[in-house]
Amino acid sequence: MAYKLNVNGHTSTVDVPGEMPLLWVLRDSLNLVGTKYGCGIGQCRACTVHLAGKPVQACLTPVSAVKDQPITTIEGLSTDGTHPVQIAWQDIDVPQCGYCQAGQMMSAAALLAKTPKPTDKDIDTAMNGNLCRCGTYLRIRAAVHKAAELGSSASAKTVQTAHKEE
Amino acid sequence: MDRRSFLKASVVAGGGVLFGLYPEPQAQAQQGRGPQVPPDPHNYITVAADGTVTIVAKNPEVGQGVRNMLPMLIAEELDVDWKNVKIVQADFVESKYAGQSAGGSTATPTNWVPMRQVGAGARAMFIAAAAQTWGVQPSDCTTSSGRVMCNGKSLSYGELATKAASMPTPNLASLKLKDPSEYKIIGHSQPGVDLKKIVTGQPIFAIDVKLPGMVYAAYQKCPVFGGKVVSANLDEIKKMPGIKDAFVVERPVITDTVIPGEPGLENGIAILAENWWYAQSARRKLQVKWDEGPRAALGSALFAQNADKMSKEAPQWTIRNDGDAEGTLKSAAKVLEANYSYPFIAHGPLEPQGATAQFKDGKLEIWSNSQIPGRGRQLVVQTLGIKDSDITQHMVRGGGGFGRRLMNDYMVEAAYIAKQANGVPVKLLWAREDDMTHDYYRPGGFQYLKAGLDSSGKLVAWRNHFISYGDNKNFVASGAMGPTEFPQRFVPNYALHASVQPLCIRTGALRAPSSNAFAFVIQSFIDELAHEAGKDPVDFRMEILNSAPWKEGTPGIVPDRMKSALQLVAQTSDWAKRSKSLPKGTALGVAFHFSHLGYFAEVAEVKVDAQKRVKINKVWVGADVGSQIINPSGAENIVQGGVIDGLSELMAQEITVEKGAVVQNNYHQHPMVRLAQAPPEIQIDYVKSTYSPTGLGEPALPPILPAVSNAIFTATGVRLRHLPISKSGFSWA
Chain A
860 MAYKLNVNGH TSTVDVPGEM PLLWVLRDSL NLVGTKYGCG IGQCRACTVH LAGKPVQACL
920 TPVSAVKDQP ITTIEGLSTD GTHPVQIAWQ DIDVPQCGYC QAGQMMSAAA LLAKTPKPTD
980 KDIDTAMNGN LCRCGTYLRI RAAVHKAAEL GSSASAKTVQ TAHKEE
Chain B
35 MDRRSFLKAS VVAGGGVLFG LYPEPQAQAQ QGRGPQVPPD PHNYITVAAD GTVTIVAKNP
95 EVGQGVRNML PMLIAEELDV DWKNVKIVQA DFVESKYAGQ SAGGSTATPT NWVPMRQVGA
155 GARAMFIAAA AQTWGVQPSD CTTSSGRVMC NGKSLSYGEL ATKAASMPTP NLASLKLKDP
215 SEYKIIGHSQ PGVDLKKIVT GQPIFAIDVK LPGMVYAAYQ KCPVFGGKVV SANLDEIKKM
275 PGIKDAFVVE RPVITDTVIP GEPGLENGIA ILAENWWYAQ SARRKLQVKW DEGPRAALGS
335 ALFAQNADKM SKEAPQWTIR NDGDAEGTLK SAAKVLEANY SYPFIAHGPL EPQGATAQFK
395 DGKLEIWSNS QIPGRGRQLV VQTLGIKDSD ITQHMVRGGG GFGRRLMNDY MVEAAYIAKQ
455 ANGVPVKLLW AREDDMTHDY YRPGGFQYLK AGLDSSGKLV AWRNHFISYG DNKNFVASGA
515 MGPTEFPQRF VPNYALHASV QPLCIRTGAL RAPSSNAFAF VIQSFIDELA HEAGKDPVDF
575 RMEILNSAPW KEGTPGIVPD RMKSALQLVA QTSDWAKRSK SLPKGTALGV AFHFSHLGYF
635 AEVAEVKVDA QKRVKINKVW VGADVGSQII NPSGAENIVQ GGVIDGLSEL MAQEITVEKG
695 AVVQNNYHQH PMVRLAQAPP EIQIDYVKST YSPTGLGEPA LPPILPAVSN AIFTATGVRL
755 RHLPISKSGF SWA
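Protein sequences, first through last, are from chains A and B.
Residue numbers for the first sequence, in the numbering used here: 860 to 1025.
Residue numbers for the second sequence, in the numbering used here: 35 to 767.
Just so you know, these hints were derived from the structure itself, not from any lab.
Positions of the beta carbon are idealized from the N, C-alpha and C atoms, including for glycine.
Treat each hint with caution, since some may be false.
[Unchecked claim] Derived CB-CB ranges, DEER-like:
1. A:1008 <-> B:218: 54 to 60 Å
2. B:290 <-> A:984: 49 to 55 Å
3. B:765 <-> A:978: 34 to 40 Å
4. B:289 <-> A:872: 36 to 42 Å
5. A:978 <-> B:372: 23 to 29 Å
6. A:878 <-> B:456: 27 to 33 Å
7. B:457 <-> A:890: 36 to 42 Å
8. B:765 <-> A:900: 41 to 47 Å
9. B:649 <-> A:900: 25 to 31 Å
10. A:978 <-> B:289: 46 to 52 Å
11. B:273 <-> A:890: 24 to 30 Å
12. A:984 <-> B:237: 40 to 46 Å
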């Protein structure tokens, strides 16, 4: 069956069974392989993407359930790798193997969109579903805080610029 | 050394010069079979006219940071700015690169000198080129930031590249390497080479490889090792949506009681489809009648029963007998006896096993993330019956290794299926369930220990009946204990006996093999002895380390190095004061372990509540891995990761076997530590010794298990002797 999907601001049509998980539609049909397969049962969240801004596990989301909700993947988090989460992840040099990190960053970005200044507890709650087999958790936590700082200074700058323009 | 090759400089697009090795035809014929080649700067370094330096990273990258580390060594001695360095991953080419593997924390000790020599050799050639240009002596020239200087004149490496490539390669061993005080790259944190690609989701992993016209494959094996297909509903499977092909793979069944370390391609059913989801969906409809073979009679309950029975019988053989352990145990002032056990565990790297291959016109091209690509290649040669020279092998970033990718079963499966697909590229991908049920497991085991203290509380005898898996005095892969296992040499009367029983699953090396289990046993039992002797756990360990005479050249552990690591961690954790000042239910535990040339001592501060919920407040690591930490950021990351990995093994990981097959099939049944459970702080300090640098991938892991369980004992009075501790009612807070 044909499904029209809005992924990272682009509309694509895929002809796949409705029960096919979004993960495999992204990876194998749309060639967006930044979203990773780790467990297939919602245990590791390497496949986290945003569906209408909310973090979901693409491995458990049938493509038929997406409907007209916009999808954001790691490839669409920013056009040039400058989302605060992407900058913070680089500044802190978070990854070891890097395989889980797209999912980690998508969870972090969703957290920060809702809670711009998260506490350690907020981070624990929001990020506890994302496994890192290499154990980069201390840096992940540090990077979320760093992204929060970058995010608030970015919005502060935007505000200042706006004022100047006025 | 007479180099049996000649060098050619060839101009590349953009006006740069490629330093390339063009082996003689004879040398070419030797490819893959000859001795390992000495390092040659031409194989590693390219300098473009604009000064851009491209350095080849030769080893497999699975998250250990070697793709940074080896080029850093080259760039330092080449004397270029790291920001101008571009790193490219080597293919697997035995005629160019020695030791292209990732395992055993060996990359640092084996490459520390040769990779720096590669950089220094190329630097000498740039100097020679400049000296010739200016008519001066090379010894009057200096270098800095990719330039050669002399008497106020200066030329960039880019300007000198063509000429430098024609200079004779110096004798690398004769070159003077930099004094560490001159380092600008080594010892300075350099962020991951692939960092930008990782954070933007670029296709860099094996699972991401995509070729035009590629089909996707799933491979179903028998749940019991050595099983084979009797019949299957393949006609039905072939009619399912998106399915391109399905076929049975028939291989000779391995009947050995001790399964070989790398048994190779197993019997199974390959399903090829338009996308992986179709292959996997069809697989769920597979109805296979398996001939499971005799291994289906074995299981974990039987293993435990057998171990208990064997512990009461005379050991099957003796591995080591120093002094008179039996006699001393009879006369010792105090004798302590305890039995320990640890389960099979799985590697579970987050990227499931898989490889992409294309077999066309008799030649195979393959993309794999193997940790030992050379062994995978041999396996492919043997299994497919093709020539080594007909294989092109790309080394792709692996989403974690931990020892799993030392085994090349998935590589040979992909190659075999691609050969059947005859020209059509095939991406094989395992489901997580395949990975968990078809691993090379860390062997479980049982240790029955007895030790004696004299009237002063000194350790005088140690006896271990080590019960493992194997047959006829042979251990399964990674299931052995060697004759020098600690505290051998540190106790005058030491007996190590062994017994083995048959096993039905494959086993292999998992991060810090054997140490990841043995440190828990040895350092927990030493802790029991410290308490029995009424001594402080750090002091008692120091006493043991002081008890062995050591002189330069004695193989194995250097006591002073471990003493320094232990002293350091006692100091950083403020052990003496803190261990006496913590509130009820919170305690410190300590342990040390030597593995993979690394000396690690660790202290954990652990809080345990009335419901046996465990919170790790902080971990301190004291380590001696030699004179130099090459990439501090990468080092910190991997040491913290080793500690966290060890905590996963401690708490809840266990693989069990029923009717010959593994029970656990995904992460929910073999859990790893999550963010909220990880210690909020892991402080790492290094002893800067005069020894040559060694690796960090493995040795940080083993001590954390006993450090935490020893802390739990002090906090609760519960001595934990069996892994995982979740079976004793403990959980993360």
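Each hint tested on the structure:
1. A:1008 <-> B:218: 54 to 60 Å: For residue 218 of chain B against residue 1008 of chain A, whose Cβ atoms are near 30 Å apart, the range 54 to 60 Å is violated.
2. B:290 <-> A:984: 49 to 55 Å: 50 Å, holds
3. B:765 <-> A:978: 34 to 40 Å: Violated - the Cβ-Cβ distance for residue 765 of chain B and residue 978 of chain A, about 24 Å, lies outside 34 to 40 Å.
4. B:289 <-> A:872: 36 to 42 Å: 53 Å, violated
5. A:978 <-> B:372: 23 to 29 Å: At 43 Å between Cβs, range violated.
6. A:878 <-> B:456: 27 to 33 Å: With Cβ atoms ~32 Å apart, the hint holds.
7. B:457 <-> A:890: 36 to 42 Å: 22 Å, violated
8. B:765 <-> A:900: 41 to 47 Å: At 21 Å between Cβs, range violated.
9. B:649 <-> A:900: 25 to 31 Å: 28 Å, holds
10. A:978 <-> B:289: 46 to 52 Å: 59 Å, violated
11. B:273 <-> A:890: 24 to 30 Å: Given range 24 to 30 Å: holds, Cβ gap about 28 Å.
12. A:984 <-> B:237: 40 to 46 Å: 32 Å, violated
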